[in-house]
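Engineer: Taking the hints into account, I'd like the entire structure generated from these sequences.
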Amino acid sequence: MSDIPFTLDQLRILKAIAAEGSFKRAADTLFVSQPAVSLQVQNLEKQLNVPLFDRGGRKAQLTQAGYLLLSYGEKIITLCQETCRAIEDLQNLQGGTLIVGASQTTGTYLLPRMIGLFRQKYPDVSVQLQVHSTRRTSWGVANGQVDLAIIGGEVPPELQETLKIIPYADDELALIMPTSHPLSRLEMIQKDDLYKLQFITLDSQSTIRKVIDKVLTRYDIDTKRLKIEMELNSIEAIKNAVQSGLGVAFVSVTAIEKELQMGVLHRAHIKDIEVTRTLSVVINPNRYRSKAAEALIKEILPQFSTYPDHLDMEFLSGNSNRAKDISASPLNSSLL
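Heads up, the sequence shown stops at 336 in our numbering, and the numbers go up one at a time, no gaps.
I should point out that these hints are in silico values taken from the structure, not numbers from a laboratory.
Here are the computed lysine-lysine pairs in the DSS-like style, where the Cα-Cα straight-line distance is at most 27 angstroms: (1) Lys-46 x Lys-24; (2) Lys-164 x Lys-75; (3) Lys-214 x Lys-224; (4) Lys-191 x Lys-271; (5) Lys-191 x Lys-224; (6) Lys-210 x Lys-191; (7) Lys-271 x Lys-258; (8) Lys-121 x Lys-291; (9) Lys-210 x Lys-196; (10) Lys-271 x Lys-196; (11) Lys-224 x Lys-196; (12) Lys-224 x Lys-271; (13) Lys-121 x Lys-258; (14) Lys-224 x Lys-210; (15) Lys-227 x Lys-214; (16) Lys-298 x Lys-164; (17) Lys-258 x Lys-210; (18) Lys-46 x Lys-75; (19) Lys-15 x Lys-75.
Computed beta-carbon distance windows for the label pairs: (20) Lys-191 x Gly-95: 51 to 61 angstroms; (21) Gly-245 x Gly-95: 44 to 54 angstroms; (22) Lys-271 x Ser-22: 54 to 64 angstroms; (23) Val-32 x Thr-97: 21 to 31 angstroms.
From the three backbone atoms N, C-alpha and C, an ideal C-beta is built for every residue, glycine too.
Structural biologist: Structural data, given as structure tokens:
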């Protein structure tokens, strides 16, 4: 093949079909007609002389060649986006985009404050906040789809050598209960009191749940004896359930500041027990990092850090504005 047999538009269409599972839904997300999508796929298959989709089933299923093209296509699209952002940087923070990733709690309660401060200083920079699981967020940083992230969980083992992980802040997980609960009258509860409580938690696979169980186990608390009243899928739902008297819960102190000020929740202290986790800043040293990302790192992050020494600017920045080996980075986020 002497000429490149595909266009960026065709790669975007392929990616949309793979994500949506159908030609019609892909056309809707791209704001084009379904016949236009079908025609582009037919032309692409003709140019490559290979089928990209198995048309035997109801769902658009990629062939082996389709998966291969998708994996490289996602890298090509990401590189094109990096190129555009690097050119935008020439405007010296008078425009451009900053993409920040976060896990659920940090993305809901901590990052909005940071972004607010950043926007006050740089109102012309567009900021996107992507809140996903720690795993998905880590892959976004690895693939260059996210400039940097703040997470509360563990980076997947397969990415720990690719990414730079810097301890950032201690996040205390407080035990909250209804203000009407009998134990709310006590200044301090005993650890054996935990076995008498009915807990409201995130699901057992969530990062926070795993951290809580791990810390409590270190304090010789048998987590299997704790009574799980219900599992909910968001911190806000948990807070509302506790406020309604349905049970107690461990949540980040950053998530309950307003409720404590209003007096609608009680924070219980457990004698000789403190449940904390370490938040981390995650960056990819092998990817281009924009001036907007550098400004966030240097000017905003230190204001919220428990470990400012770990945020040594030379350590974080280095020669970050030059991609060292883009071809060696992880293939694609479709593995998530």
